[in-house]
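There are 4 protein chains.
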Amino acid sequence: MEKERAERKRRSQQLAQRYRVIRKETEALAASLEVEDQVVQTMPDVSPTKWHRAHTTWYFETFVLGGDDPDYRPIHPQYRYLFNSYYNAVGKQFPRPRRGLLSRPTVAEVGRYRDWVDRQILERLDRCAFTTEQLDILELGLHHEQQHQELILTDIKHVFHSNPLHPAYSETTLPPPGGETAPLRWKAFEGGVYEIGYSGEGFHFDNEAPRHKVYLTPFSIASRLVTAGEYLEFIEAGGYRRPEFWLADGWERVCREGWEAPLYWSREGKVWWIFTLHGLRPLDPYEPVCHLSYYEAEAYATFVGARLPREAEWEVAAADLPIRGNFLEDRLLHPTASSSAKEGELLQCFGDA
Amino acid sequence: MEKERAERKRRSQQLAQRYRVIRKETEALAASLEVEDQVVQTMPDVSPTKWHRAHTTWYFETFVLGGDDPDYRPIHPQYRYLFNSYYNAVGKQFPRPRRGLLSRPTVAEVGRYRDWVDRQILERLDRCAFTTEQLDILELGLHHEQQHQELILTDIKHVFHSNPLHPAYSETTLPPPGGETAPLRWKAFEGGVYEIGYSGEGFHFDNEAPRHKVYLTPFSIASRLVTAGEYLEFIEAGGYRRPEFWLADGWERVCREGWEAPLYWSREGKVWWIFTLHGLRPLDPYEPVCHLSYYEAEAYATFVGARLPREAEWEVAAADLPIRGNFLEDRLLHPTASSSAKEGELLQCFGDA
Amino acid sequence: MEKERAERKRRSQQLAQRYRVIRKETEALAASLEVEDQVVQTMPDVSPTKWHRAHTTWYFETFVLGGDDPDYRPIHPQYRYLFNSYYNAVGKQFPRPRRGLLSRPTVAEVGRYRDWVDRQILERLDRCAFTTEQLDILELGLHHEQQHQELILTDIKHVFHSNPLHPAYSETTLPPPGGETAPLRWKAFEGGVYEIGYSGEGFHFDNEAPRHKVYLTPFSIASRLVTAGEYLEFIEAGGYRRPEFWLADGWERVCREGWEAPLYWSREGKVWWIFTLHGLRPLDPYEPVCHLSYYEAEAYATFVGARLPREAEWEVAAADLPIRGNFLEDRLLHPTASSSAKEGELLQCFGDA
Amino acid sequence: MEKERAERKRRSQQLAQRYRVIRKETEALAASLEVEDQVVQTMPDVSPTKWHRAHTTWYFETFVLGGDDPDYRPIHPQYRYLFNSYYNAVGKQFPRPRRGLLSRPTVAEVGRYRDWVDRQILERLDRCAFTTEQLDILELGLHHEQQHQELILTDIKHVFHSNPLHPAYSETTLPPPGGETAPLRWKAFEGGVYEIGYSGEGFHFDNEAPRHKVYLTPFSIASRLVTAGEYLEFIEAGGYRRPEFWLADGWERVCREGWEAPLYWSREGKVWWIFTLHGLRPLDPYEPVCHLSYYEAEAYATFVGARLPREAEWEVAAADLPIRGNFLEDRLLHPTASSSAKEGELLQCFGDA
Ligand SMILES: [Fe+3]
Ligand SMILES: [Fe+3]
Ligand SMILES: [Fe+3]
Ligand SMILES: [Fe+3]
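Residue numbers (our numbering), protein chains in the order written: chain A, 1 to 353; chain B, 1 to 353; chain C, 1 to 353; chain D, 1 to 353.
If you are wondering where the hints come from, they were derived from the structure by calculation, not from laboratory data. A couple of the hints might just be wrong.
For lysine-lysine, the following BS3-like pairs were computed, each having C-alpha atoms within a straight-line distance of at most 27 Å [stated by the list, open to error]: (1) B:K187 / C:K213; (2) C:K92 / D:K270; (3) C:K24 / B:K213; (4) C:K270 / D:K92; (5) A:K92 / B:K270; (6) D:K270 / A:K187; (7) A:K92 / B:K92; (8) D:K213 / A:K213; (9) A:K270 / B:K187; (10) A:K157 / B:K270.
None of the values given here were measured: they were computed from a predicted structure.
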């Protein structure tokens with residue numbers, strides 16, 4: 001009993017520390033935005049920044065604070081409805097495509113909502129008031145918040161791209177286009193029964209478990225990501241005008257929606273531009289291509305006579321690599337060209353795309 | 001020549017005075033809004049407040065400042081595109097239904113745009129630098145801005161109504177529901193040839209001219225507006241479920257869009273509520289009904305065995321009345337019940353609905 | 001009493017004769033169609049031919065046969081629902097845009113429905129069994145059926161035009177393109193109070209009455225219809241690319257729907273074609289332009305510095321003309337060039353467009 | 001060489017025989033339809049019967065007759081365009097959702113198209129004029145035609161169901177609702193590496209090959225299909241109102257499209273009806289439930305605490321069973337209740353659903 005409590009205490013302290021860091025990181029991502037930027041929603045799949053900030057807070061309020069105290073009083077009775085997302089079992093949700101129609105609560109009110117929840121969470125962590133199960137849910141909430149940090153960036157990219165003024169999210173200058181990419185090699189893997197899925201003791205999302213076996217036929221995987229320059233060859237070979245490369249559903253969308261290049265690419269005369277979180281810049285042929293739809297990736301693979309890896313193949317290939325890459329913490333906020341690699345090494349498995 | 005210049009000078013001074021008042025009034029209307037409120041667009045016909053503030057400014061920049069100076073430099077090269085509205089002849093326009101997707105320019109930047117244009121307009125008025133024709137266009141711009149002041153209020157009403165938090169635009173308390181309405185009487189007019197259209201020397205919109213003759217058959221017009229209570233009788237008689245009152249097109253929309261009451265009315269149990277610029281409040285049966293669509297007004301008229309007046313009939317009936325009513329300047333921002341009237345007098349012809 | 005009955009008898013005989021002719025004319029219009037042609041609906045405003053044939057029959061069944069006999073048994077209990085159109089007061093209707101989804105009743109069954117109703121109508125006319133009021137409704141039904149004859153032709157034109165095989169409705173050869181059009185002159189009318197509306201004793205639709213006065217300012221009306229060649233000048237002057245000619249709503253549709261020429265016109269290289277009920281044929285520059293939308297007609301008028309006539313102006317201008325023209329009975333089924341006219345005469349007021 | 005020719009001859013004779021049978025079967029399926037029934041398209045995924053009859057013919061014309069003879073003249077130059085479907089590489093296609101707008105070619109013309117192609121195919125088969133590769137393509141075309149036979153029935157079911165007259169495709173009476181179903185048992189399979197995919201020498205679709213290994217964890221599969229009565233328990237437990245059973249995407253569709261029961265089920269008072277190819281009939285609780293969407297099947301499985309089998313699991317379970325079931329040839333055209341089974345036997349693996 002003592003031991004259980006000691007363990008909870010240790011974990012509460014550790015989580016309080018991570019809670020502070022991760023919650024602050026979310027605020028830091030929003031800090032360079034204007035109030036107005038946090039309000040708009042440029043397509044149904046995009047959510048306003050202030051919604052992300054409130055929804056991640058709603059998670060902690062609902063699942064960590066809400067359940068255990070009959071005297072619990074929310075800061076606002078309708079936040080439960082406004083900031084619920086896909087958790088149908090928790091109750092009705094405000095319709096997702098209308099999130100950008102809400103001017104209230106304001107950005108400042110969302111900030112107060114965050115503070116209000118943070119104070120309660122940290123106060124209870126401090127006095128070790130959560131059960132182990134609640135701590136598990138809290139830990140899941142931190143990973144949930146990190147997912148939404150990623151969404152804040154992808155969503156604001158779409159918001160800024162939709163604006164003819166093309167604002168830049170980050171004032172930092174990107175490194176100049178590189179002059180080199182590692183040659184693409186194929187790394188072969190043998191067929192057979194492999195084990196995949198999370199095998200450790202720590203946190204993992206439920207869809208990363210259980211550990212299980214799969215049979216894979218022999219396959220090879222490319223040593224690095226496809227570059228923008230390589231993808232440009234597909235475009236210049238008429239890739240977006242030739243149905244033979246595309247799945248039928250994909251071709252139907254190419255035609256119906258008039259696809260001509262990846263989202264965020266545009267051409268002016270002969271020069272290709274790419275819209276980034278740093279604003280518009282000339283396309284670097286050595287940078288990895290990203291923001292491809294499944295259909296585009298599949299068509300490109302057909303074009304070069306390859307196929308996309310299965311999820312299990314990628315997991316097997318990536319399993320033993322060190323986790324090293326171009327992550328959010330580095331604030332580059334854009335994929336970079338791969339440096340050269342030793343024979344048989346896989347590059348850019350984490351972070352770049 | 002001297003005289004022309006003296007006249008222009010007099011008029012420039014007068015317009016400078018009105019310009020200051022009207023431009024300030026627009027800012028005053030926006031002053032009680034949060035930044036976020038000025039950004040959103042809840043239906044294609046609604047425009048964000050900051051768009052109204054920028055668009056009315058664009059009018060002066062384009063039509064008053066823009067034409068006469070080859071050295072003219074805009075404050076931003078794309079404002080011309082973003083804030084053009086239905087003036088197709090002036091160039092391409094940013095698509096109207098997407099106005100709410102623009103976080104930039106910010107509310108503050110729009111404020112700076114207004115200041116920048118105001119300074120130039122006032123400086124030129126001060127040195128009598130505009131031609132008579134430019135002064136005419138400037139005067140039209142002031143009326144244009146007053147129209148958009150009206151739109152700022154109707155649009156923000158829709159924005160706030162769309163939000164489950166139902167914010168109030170104005171903190172002022174409305175007077176309590178009145179207990180009385182003047183009885184509805186019919187005032188008769190003889191048939192014959194009438195003259196309608198603007199007849200004076202002052203400003204008028206182009207669709208108010210020219211003065212012209214119409215032949216009207218004898219008609220009668222009601223002495224006051226229809227009240228909410230009277231309209232409620234239509235609802236309670238099954239008005240929204242009985243096709244016999246409706247034009248075919250109107251009935252089609254009733255069915256397709258599920259109409260059950262005027263926009264902004266809602267029922268909770270047996271109590272009817274109305275959403276106003278002062279927030280939700282119980283429906284006052286004595287207040288005039290407003291925000292009716294043409295189809296609803298027409299169906300109500302059929303229900304009571306009357307018909308809607310033609311535009312020319314209304315103009316003839318209203319022509320000799322003193323302009324007196326519940327206007328924007330009074331900041332009531334909601335229609336009020338009519339006081340009792342003398343026999344044969346028409347009430348509420350201006351302002352209430 | 002005797003006299004009333006004699007009058008009813010005379011009128012019953014006369015209407016029986018007209019009933020036979022008009023009902024047969026509808027069948028004659030459908031006779032050259034394939035069964036398949038009578039089924040499809042190529043846009044919501046188009047109805048299948050067999051629907052027109054059944055709906056006009058439904059009119060007689062519902063309003064002439066249905067009301068007066070409690071023992072009345074319909075040939076099919078659901079025809080009342082399927083073939084009701086905009087008469088909301090009569091009951092629920094099958095949704096208009098889905099008429100083309102009904103393979104049953106078949107074309108042959110619709111024919112039997114027509115025969116079955118015809119037998120009853122004619123039998124009762126024969127024994128003078130209808131009241132005067134029923135005879136009035138029957139007479140209205142004949143005019144209603146003639147309206148639908150027109151719709152059968154306009155609708156099948158759209159059906160055939162939508163088919164890449166471009167079938168021809170009529171095998172008859174049109175006269176070769178003419179080489180001449182009367183010069184366009186303007187006929188002037190004085191301002192003043194005019195009487196319009198039907199003034200006789202015979203049949204008229206309710207919206208053609210009552211006779212009433214209007215005040216018209218002086219106006220002029222063209223002596224003949226606009227020709228295809230004249231309209232082509234509008235197109236070649238960039239009419240469909242220049243917003244200055246268009247109403248704002250019209251321009252919005254030009255852009256959204258990609259209008260480039262009137263419906264049924266197409267260009268191949270430098271040659272213009274027109275789709276007619278006789279199939280595709282080269283556009284005759286001397287034929288009147290038709291199938292223009294309101295927006296196109298209005299834009300063309302603006303282009304040539306004129307305006308469209310008001311309905312009352314057209315009625316005043318046409319009031320004294322002999323009814324002479326290119327009608328359905330002539331089976332030309334396409335407008336023809338106007339022959340030359342005497343000074344001050346108006347041409348093509350009936351039939352051509 | 002001699003041997004190759006002898007083999008081709010044998011195969012040509014055998015295929016000629018099957019060609020005659022299968023092509024005649026398609027015509028037999030259409031024979032009980034009215035001409036009108038073959039024209040309409042009640043949703044984008046439905047094709048008109050005459051389109052199926054023409055499209056399967058187009059296959060043989062394009063891929064078997066078209067390629068090898070430069071002198072080849074089509075019966076109609078536009079059939080290639082009209083009856084192409086998803087084969088983007090073969091050229092442009094008439095838009096799928098508009099197939100029901102085509103009254104021409106007529107049903108009779110489609111019949112002549114079929115005859116014309118049949119004569120050529122059979123004549124060439126007769127003189128052994130096809131290469132082995134062409135015979136392979138022809139054989140694939142026969143399987144393709146059998147797939148479309150299935151579609152003719154599923155599509156006409158939707159066409160008849162959309163019609164308020166609810167016509168019956170087949171006049172045959174279904175056997176009366178049975179009184180018994182085999183009890184549902186679970187048959188267990190061990191985990192391990194299995195081989196799946198077609199392993200024989202004969203015809204198979206390309207997505208049935210190659211033979212390959214999969215690793216399966218231990219699983220159990222039900223001994224028979226779920227019955228309508230069992231599914232009704234799900235409905236009566238509020239299955240269509242409780243989000244906890246549904247995938248998020250599925251729940252979104254339940255709400256948006258107002259799902260309350262499987263397609264073709266309807267309730268009148270307390271009685272459930274099912275629309276079949278034999279018309280409306282009371283739902284037999286013992287018949288297998290069918291026409292379920294993936295989301296409904298998945299929600300039902302969640303409701304009963306099971307999950308849907310993976311494709312590989314089903315294939316492993318079904319691999320050793322005799323192919324025996326309720327097929328098209330039997331003309332029952334509706335699933336039937338399973339008879340009782342021996343312990344551990346799987347029933348209804350073929351045909352019923
Ligand atoms: Fe989330
Ligand atoms: Fe404006
Ligand atoms: Fe009608
Ligand atoms: Fe096919």
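Structure-based check of all given hints:
Only pairs whose Cα atoms come within 27 Å are accepted, and B:K187 paired with C:K213 is accepted, the gap being roughly 22 Å. Taking the CA atoms of C:K92 and D:K270, the gap is near 25 Å; set against the 27 Å cutoff, the hint holds. Note on C:K24 and B:K213: the hinted pairing is violated, with a Cα-Cα distance of about 49 Å set against a maximum of 27 Å. At roughly 25 Å between alpha-carbon atoms, C:K270 and D:K92 fall within 27 Å of each other, so this suggested pair holds.
Of the supplied pair hints, the one linking A:K92 and B:K270 holds, its CA atoms being roughly 25 Å apart against a limit of 27 Å. A hinted pair counts as satisfied when its Cα atoms are at most 27 Å apart, and D:K270 with A:K187 does not qualify at roughly 64 Å. Annotation: proposed proximity of A:K92 to B:K92 is violated, straight-line Cα distance about 42 Å (limit 27 Å). The hinted pair formed by D:K213 and A:K213 meets the criterion: a straight-line CA distance of about 13 Å does not exceed 27 Å.
Of the pairs offered as hints, the one joining A:K270 and B:K187 is violated, with about 73 Å between alpha carbons and a cut-off of 27 Å exceeded. Only pairs whose Cα atoms come within 27 Å are accepted, and A:K157 paired with B:K270 is rejected, the gap being roughly 48 Å.
In this structure, the hints that do not hold are numbers 3, 6, 7, 9, 10, in rising order.
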